[in-house]
Amino acid sequence: DAGVIQSPRHEVTEMGQEVTLRCKPISGHDYLFWYRQTMMRGLELLIYFNNNVPIDDSGMPEDRFSAKMPNASFSTLKIQPSEPRDSAVYFCASSRDRGRTGELFFGEGSRLTVL
Amino acid sequence: GDSVTQMEGPVTLSEEAFLTINCTYTATGYPSLFWYVQYPGEGLQLLLKATKADDKGSNKGFEATYRKETTSFHLEKGSVQVSDSAVYFCALSEAGNTPLVFGKGTRLSVIA
Chain X
1 DAGVIQSPRH
11 EVTEMGQEVT
21 LRCKPISGHD
31 YLFWYRQTMM
41 RGLELLIYFN
51 NNVPIDDSGM
61 PEDRFSAKMP
71 NASFSTLKIQ
81 PSEPRDSAVY
91 FCASSRDRGR
101 TGELFFGEGS
111 RLTVL
Chain E
1001 GDSVTQMEGP
1011 VTLSEEAFLT
1021 INCTYTATGY
1031 PSLFWYVQYP
1041 GEGLQLLLKA
1051 TKADDKGSNK
1061 GFEATYRKET
1071 TSFHLEKGSV
1081 QVSDSAVYFC
1091 ALSEAGNTPL
1101 VFGKGTRLSV
1111 IA
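So the sequences go chain by chain: X and E.
Residues 1 to 115 in our numbering are what the first sequence spells out, letter by letter.
Residues 1001 to 1112 in our numbering are what the second sequence spells out, letter by letter.
It is worth saying that the hints were derived from the structure and are not from the lab.
Hints may contain errors.
Pair ranges (Cβ atoms, derived) [unchecked claim]: (1) X/G59 <-> E/T1051: 21 to 31 Å; (2) X/K78 <-> E/G1061: 14 to 24 Å; (3) X/R64 <-> E/S1109: 33 to 43 Å.
A quick note: this is a predicted structure, and the numbers were derived from the prediction, not measured.
Idealized CB from N, CA, C, for every residue including glycine.
Just chain X, same shape as in the assembly (with noise of 0.2 Å):
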């Protein structure tokens, strides 16, 4: 079975332009995870969605981010207009639950660079 993908692997763009993150999740995985990596802040969740519901979306850190899940195979995370502060590696993760008993799959991951 294909793990998670995660397009485009890098993206380098100027402030001020939009940006939009895809992820395909494992097949009959339930829960979908939005992670961003800083160096600073580490791994922190942005947004999860259960069979495309968005659950909490605490973590998004402003109203220039945005996440949807259309159906239980895509889902895209956008940032518009970009900063150079959003520069980071985002993750896409799935599994089956939301972590207790289950195991999170995550992607390679879609390193974000903003000048």
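Dock chain E against chain X, hints included.
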């Protein structure tokens, strides 16, 4: 809220040395505890887990014991290899099936 504290890195060891990476947690209930590993250029993957006090998780020569009395879940390996070079994350999931909370990660470099 729940939190995980890991020892600061980086940790640099020679091949075949003994490894300990400390992890302590704060939680209101009885969480499940995890160690994830991130190899260069890859996403995180589960290394081992323990779901109740005194459980020992183990995998690939790594092990960690859930110590409720000290709220700790230290990662150990008796003899590290160059291929173990990676970032290691301690994590917990609180009762009620909440999302994982991760520590900041500890970078391990093993030199031949």
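task: Could you work out which earlier hints the structure fails to respect and list their numbers in ascending sequence?
output: 2
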